[in-house]
Every structure is written in C-alpha cells, then in structure tokens.
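A.B. asks: Work out the full structure, taking the sequences as your base and the hints as a guide.
Here the protein sequences come in this chain order: R and F. Using the numbering used here, read the first sequence as starting at 29 and increasing by one per residue. Using the numbering used here, read the second sequence as starting at 29 and increasing by one per residue.
Among the hints, erroneous ones may be present.
Which copy is meant is left open, so a pair is good if it fits within one copy or across any two.
[To be verified] Derived PhoX-like pairs (lysine-lysine); straight-line CA-CA distance at most 25 Å:
{"id": "1", "residue 1": "LYS447", "residue 2": "LYS378"}
{"id": "2", "residue 1": "LYS42", "residue 2": "LYS445"}
{"id": "3", "residue 1": "LYS378", "residue 2": "LYS445"}
Everything labelled a hint here was simulated from the structure, so no lab data went into it. Since the model is a prediction, treat every value here as computed from it, not as a measurement.
2 protein chains.
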Amino acid sequence: MSHDLADNADHLDKLHGALERDAVDQIRRLLNQTMVPAEVAHALESTPPREREFLWQQIDTETQGEILLYLSEELQTEFLERMSAQDLLTATENLDTDDLADLLQRLPTYSIQQVLDSMEAQERHRVETVLSYPEDTAGGLMDIDSITIRPNITLDVVLRYIRRHDELPHSTDALWVVTRSDVLVGRLYLNELLVSDPGMTVREVMDTEFTRLDAMTPEDEVAQLFERHDLISAPVVNEQGQLLGRITIDDVVDVIRDTAEHTVMSMAGLDEEEDTFAPALRTSRRRAVWLGINLLTAFLASSVIGMFEGTIQKITALAVLMPIVASMGGIAGSQTLTVLIRGIALGHVKGNNIRWLISRELVVGLLNGALWAVVVGLLALVWFDDRMLGIIIALAIIINLVVASLVGTLLPVVLKKLKIDPALSGSVILTTVTDVVGFLSFLGLASLVYLS
Amino acid sequence: MSHDLADNADHLDKLHGALERDAVDQIRRLLNQTMVPAEVAHALESTPPREREFLWQQIDTETQGEILLYLSEELQTEFLERMSAQDLLTATENLDTDDLADLLQRLPTYSIQQVLDSMEAQERHRVETVLSYPEDTAGGLMDIDSITIRPNITLDVVLRYIRRHDELPHSTDALWVVTRSDVLVGRLYLNELLVSDPGMTVREVMDTEFTRLDAMTPEDEVAQLFERHDLISAPVVNEQGQLLGRITIDDVVDVIRDTAEHTVMSMAGLDEEEDTFAPALRTSRRRAVWLGINLLTAFLASSVIGMFEGTIQKITALAVLMPIVASMGGIAGSQTLTVLIRGIALGHVKGNNIRWLISRELVVGLLNGALWAVVVGLLALVWFDDRMLGIIIALAIIINLVVASLVGTLLPVVLKKLKIDPALSGSVILTTVTDVVGFLSFLGLASLVYLS
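C.D. replies: Here you go:
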C-alpha cells in the first residue's frame, strides 16, 4: 500500500461514510489499521465534538499516544484530562522522549509524576531533562535519542557499530562526535560516512563547522537557523559544550507553522491552538473578551464624535462622511503595521534601519494621503455641493493617513520593546488611533469653519 | 569556525559598522568569505535601497547566484534584470537544477533562452523538464539530482556503488529503487542500508509503502503531506509511475513559510514577496490600489448613512453611536472569517461539516450579540438618557453580530469555490457587509421609531 494524496481524502470519506452508517467495525479498522496517526489526528480535528468523542473511543489505547502528538494543544488537553492513569501509561509507552515531554506539559502536576514514576530510571532521567527547559526553547524541543561516536576510531568501526542497531533514531542524518566528557567536537554526516574510505578516522572526515544550539535558544531563532542553513538536524549543547540532544526538522516545521498561524489568529484576538470545532459556549466566551476590548475603543471613538454633536446637528453631511476618514486611516495604518510586524518577525527591521522606514512610511502616507484627499474631496464636493466640506475632508484624510503611517511604523517596534505581542494588540491600538484622529481632525476642522 | 546564532547578529553588526566607515575591503571580505549565502541574503533584505545596491556590487559574481536563491521574488527580479548575460551565466553555473529553474522563471523569455543555450545538452534537458511544470506544483519544486538503484542487487553492491561518488545530493535520506524502464518501485533509506546485513538484496530491505507525488500536485498539498508524514524527501513521478525527481524538506519549508505569510499579507492587501525596504514611490503605488478598493466600500457605507440624514438631524446621538454597531459587527465577523480561513487552509473545513460550523457560529453570534446588546444598550441609555435609543442599539447589535457570523462563515467557503483567495478579498467584503448592515439596522430602526 502506498500513501497517495488521494488516499487521505479517500480515508476521510470512508470514515464519514462509516460514521453515517454506524458501521463500528469499519470505523475501528480505518482508525487503527488503515490510517496513519497523522491522518487520524486530522480526521479528529475535522470533526464536530460529538462524533469526535465517539471516534476517539474507537481508537486502541496503545495508538492514542502517537495520535495525540499530531493534535492541537487544545485537543491534547481535552483528551488527556479524561484519560485514566493506566490508559495514559499504555498510550505513552512507546513515545520518543521529546514527544512524551511535550504531552506531559499538558497534564496536571500529579499526573506528570505518576507517569514519571512508572518509567525506568534512565528513561525518567531523560524526560526530566527535557521537562526542565521551557517548552518554547531548544531544550524543550530537543530529542535525546541520538547516536554518539568518538573522534579517533575509523569509519569501518563506525559502520560496524551502526550495524549493531536495529534502526537509527528518526531523521538521523548525522552522528555526533563527542569526547570522553561528552563535549561535542564534530558531526559525521551519514552521506560522508557512505562515500568516504572506511580506513579513514572520524576526525579526518567529520565536519566541525556547524551550528550548536544553546538549550535556552528561543524556538523562533531555532527555526530561523534551520531555514538559513537548510538543516535536517542540529545539536543542543549546554554551557560546557556537552551534547544534550538534537532537534530535527519535523519539530521545526511545527514551530514555523505555529508561529505563522499565531500572527494570523492573534490579529483577530484568537489563539493558534484553538480547535476549529470548539463548542459554541466555549467559543462565545473566548471571543467575548476581544469584543469587550474593542467595545472600549469604539466608545472612545464615539466620545470624540459626541464632542461635536452641535456641529453634526448643523451639518449632517459630516455624519455621512466621517466613517470614510476613519476607514481610510485604518486601512493605511494596517498596511504599514502588517509590513512592520512581518519585517520584525523575519529579523529585517532593526535599530539602525527603523529611521529609514519611518521616513519611507511618512512619504507613502503623504503621497497616498494627497491622492485620496483629492479624490474624496471632489466626491464630497459633488455629493453635497459644498466646496468647504470638500476641503475639510481632504485635509482630514491627509492628517489621518500621515498619522496612521507613523503609528503603524512605531507601534510594533515599541510594543516589541515592551515585550507585548504586536500581532495581538497592534491592530486594536492602531484602529483606536485612526478612529480618534479621523473623527477629531474631520469634525474639529468642520467645527472651526462652520461654527466660527 | 562554527555558525552560532550570535555569529549572524555579529556579522550583520560588523557589516553595518563597515558600511558606516566605508571600509570596502572589510565589506567585501564579510560578504564573500565570512558570511554564508543565506546570511548575505538576509543582510540585503534588511538594508534600504541605496546601501543594498552598493553591497550587491561588492559580491563576487560566482556567489551571487546562490545568494539570489535566498532572496524574495521581488529582489530576485530586481537584481536579475540588471545583470548582463555573461554575469548571469557565471552566477548560475553551479546551481542545482531546481534552484536554477526557480531563478530562470524571474527572467524575460529571451534571457531564459540565452542561459539554456549556454548549457550542456543533458543539463539543459533537466532544467527544461522542471521549467515545463508550473512553479507552484511538485514538478516545479523538484530536484532532478537523485541516486537510483535496481531492486535485485545486494546492499554490499549498493555500498560500493555509493562510495564511487564524491558526495551525495543534498538532503539525501534515501535512494530510489527503479526498474529498467525507470518505474519507481521502492525506496531504500540510508538508515536501513546502514543497519542491515550487506548480503541482503535491495528488494528485501526497501520500503514500498511511501508517498509518491504526481508532478502536478499543488505545492500546498505537497507541504501538507510532508508535515503529515514527517518526510525529509519524497519522489515525484509521472503518470506511468516513472521517477522524475525528488522534493526535499528545505523547499517545503519555504512553501510553508510563504503560504503562511501570504495569509497575513493578503489580509492587508499586500504581497508576501514584497520587499520590506521597497522605495516610497513603488510602495505608495501598490498600496493605493487597496485604499481605492476600500474607498469604494466606505462610500457604500456612507451612502447608507446618507439615506437617514433626516433622522440624524433630529437625533444626533445616532451619529455618535452608529460607529459602535458597525465596529462590533466587523470584529465579530473577522473572528469568524479568520477561523474559517485557517480551517480551510488546514483542510479541517469540508462540505460535510460546514453546516455544523454555520449553526455553531450562529449560536456564538446570538450569544455574544445578546451579551453586548445588553451592555451597549445600558451604556447608551445612561449616556443619552433615552430608553428607546438603548433598545434600538441593542437590537441593531444583535442583528449585525448574527449577520456577521453568517457572512464570516459562508464567505470564505463561497470565495474558495469561486477560486477567489478568501484571505485577500474576504475582509473587504465582510466589513462592507457589517458596515452596511450595522448602519442600516441601527438608523433604519431609529427612523421607524423616531420618525413615525
């Protein structure tokens, strides 16, 4: 059997068909034999709560552990919380150290201890090592099952040593060369090993120019490094240069995917681990917070309008046109903000080029402000047959677009410095500013002109 | 020398220092010897236009090719367009087939032909094969340099065959087992090769259950597959099952990064390949288009308000409160939209669960609508001491939040069916709807009450 793309869609269709027909035997066969764990996880994530619960119960406990690895954190927690201690042990028995450590972090402290207690001393020690580092660092990502060799042996000995293994740890593209005191001195690529003369020593063939990761390196820097050097695996070392473990590309791909999703979801006040099929009540409660925050900013904008009720009563056209000024500022600002958030995430934006960006954005704000000021001014003039109104809205648009450019550039930089996530709070703050400035400049200018 | 994280920041600092001191020799040394191509590309992407141009001129032509690979499409095009035919040949001489094909796609047709003409027949044939597939398919991503073996030989023979190579193609984790007519029948992992008895035949050890990609598979499906099966490389075959080439994880990481960035940037009407340091004029021109589209929708919303000028003149409090109704709808809708866009991208949202999602979102819209209707209603009542106004705004908020949930759910599904990118046009259409419905329901209800 080969895993084609068509297979996955096919399996899902079969599964949904079987669900509709209540064909429990076929469901169990699909989940436990036909589909690979990642496919089962994907099926669970694509299924509403009630059927999802039923599917989960049909999965053999031994394979539940591996399936959990591919689920979002929200679903991991949901399933793990309801598993008995015994099932938990059965499910996690065959997992890699780093994967097990990942799952354990979703459990309450007493359950973690239960799982650890049940393990052999050596394995427990390994898992505890990984658990001792924060989840979003190189130490928290690393896997401890790697093969180490000494520098002074010949490749022939290495080849014979490898053959004593039944299999190599997953994604092994290199062996780590360490001294007696475990200090990492080199890296022997399997490719090198295969093409070199077996009589040579490891020292002669090994690579010494490669990336060593400190255990406390943040995961996004790990990802940048893998991307920059096209790595398959990288070693993690402690301050003494001793090998602690290795990180493999599959874990890094997850980090890249999560980081990218984080930006998209944060901008709407959502969490990247959020379950697409979370129940209505849980979903409402979460989103309510974001709506509440936005309500505060909306009232702030309204209170600005409130200051000019008298002017609006005299010239109702102001009420008709004012959303245009606010909206144009919001769009221009969010474009600048998005470019800056991405630039910061990619490491393009730094202290020494921020001034260039500010002046570029100011020029862009002025140019687009001027362009759309003329267009909107003329349209307003035609619509309400009031030349003054056209001039006022044109000025307000230029002011708001320039302010939007400035705030859109500086805001993410300042938030980043304050260690606040710009993707999460940036757009709320920005639209508050562009709304307030938009209404204030338009209605304020109008009051000066019409009420004087 | 080892490549530590600190090194990269260090190199960049040194480079900027040298730029300030005009130390051309040091700049050349840093760019051509100390830094790896990905670092140089990153430095170029982090530098404003004038210094960037200067840096580019200091890079040796032979290494420019590899640096181009790591640049965004916008910068690739910019530099490639200004290279002479001779420089182009020198720069691209040592590139892999897939990388070369990637770059060639940025060139005008006559330049592509010039490069192809200069190549040897075999190499030209390979590049032409890759060029014959669209850039965003498995065929366009694939690399042609892979090692193939026959099923009936022993591992010992394979080992000796490999040792005849100076090095294996990058990211080689497996050899491809093909028949005489090039049909792919198996995959021999290097790890398997190393741990197995050399007397066994390839057929006995090879894996036959693995993913074969059709050359026309879209790149996002390729990425999903790599993620799902934790692959390092995957073979690309034609309709007859013959091996065409292989895709490696480093190319897939780029696809994942680009796809994720595409969503973030599209939502602000930007392109993911956009240069962070594009000049002001080019930037203004691009963003003007998006502002223009949004202006149309803003005028649409304004014209709705214009229908109720009479009511507003009588009750100016309506003008003060109306942005709140529109804004709450916009936020609620964009949350739903974001969840759906992500759900579709991850393959969670399908025909059979869309109905569940619609009803979930409707319930969420109703619950949050009711909650915030009460809050806003009471605040309006207190602010303007008008009980009717409180009831009107409460009703308008419920209406707008329910409509927002419905449109936020259906819009991306419909756009996807129409093959329109929901990330690009979704939010514009959505806010148009929530603005129009917000103003219409609030001002319409008020007109019914106050003008009757």
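A.B. asks: Find the hints from earlier in the document that the structure breaks and name them by number, from lowest to highest.
C.D. replies: none
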